[in-house]
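S.K.: Read top to bottom, the protein sequences are chains A and B.
Here our numbering is used: position 18 in the first sequence is 18, and no number is missing along the way.
Throughout, our numbering is defined as the position within the second sequence, counted from one, plus 1000.
Hints are supplied without guarantee of correctness; some may be wrong.
[As the list claims (entries may be wrong)] Each computed DSBU-like pair below joins lysine-lysine, with the alpha-carbon atoms no more than 35 angstroms apart: (1) K84(A) with K1017(B); (2) K1038(B) with K142(A); (3) K1017(B) with K102(A); (4) K138(A) with K1038(B); (5) K1029(B) with K1064(B); (6) K1017(B) with K133(A); (7) K84(A) with K1029(B); (8) K1017(B) with K146(A); (9) K133(A) with K1038(B); (10) K133(A) with K1064(B); (11) K142(A) with K1064(B); (12) K138(A) with K1029(B); (13) K146(A) with K1029(B); (14) K1029(B) with K142(A); (15) K1064(B) with K1017(B); (16) K1029(B) with K1017(B); (17) K146(A) with K133(A); (18) K1038(B) with K1017(B); (19) K102(A) with K84(A).
For the record, the hints were derived by calculation from the structure and aren't laboratory data.
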Amino acid sequence: MSPPTPRVFIIRHGETEWSLNGRHTGTSDIPLTSNGVSRVRATGRALVGSDRLIAPRQLAHIYVSPRSRARTTLGLLLDADTEKLPGVGDEGKAPEGQLLVKGTQGEGEMLNVTVTEQIAEWDYGEYEGVTSKEIGEKREEKGERKWDIWRDGCPGGE
Amino acid sequence: MTVTNRSPQQITQRLDKLIEEIRERFHAKMMSGNFDAKNAPPSDVLVVAHGHILRAFAARWIAKDIADNPSLLLEAGGVGTLRCVQSLIQSRPWTDVLTDYIVMNITVLTSRRYCWAVLSWWTR
């Protein structure tokens, strides 16, 4: 029988106040709402387990953004304590740590985690905390074309 | 780690580096044909991050320009699966990759049920 196909699971952090009201959240460290917490926890119960989509034993590695909303989401999904994960390390090296995942059948898995800015959100620059509607109005005032982040990126604040 | 982060080019560069690391460290050995189901090491990778960056990550996973902006939304708490059926280690035109290899699953949790939508990327 052939080995399982390698996969990457991409998971967006749970609901925050800004994800609800449409404010672009890049470098700001906004926490999850209580609804966000309970939904992510429910997702973890549904999808994580030895007999589910995400089997901790099959996880070779975890990458997580340094923002607390991502780290909290990771902890809730895997039912693991992310408090002791290293913060972002010195320049040039993303810190690696380990996470103990409490299994549903009591089996604990130690998983390797990299906390890295490589997967942090876009730095929205001047658009940090601003809704798409407000961005549209700002750009119109300046006579700029409609914003397409994939094409235009984000204007700096410096 | 100071990572610059405002332009599509900067985003593309740092994601490509991460994707290369994932493939080299965790996926390449699975493509070698040396393992079977019994002795295969773990090969799944979990990435927990943010909406825009993960959409860009998915685009770069299949060597697509992020400016082509897939209209694929990952909602808060949403889960997607990217996989390779065959080796992507050699660089190949993205059209070949798309045709042969990539399936994207989006899982949406709705109350106690979840539904699967299988999407083929960019089938235009």
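S.K.: Which hints, by number, does the structure contradict?
M.R.: Per hint list: 2, 4, 9, 12, 13 and 14 violated.
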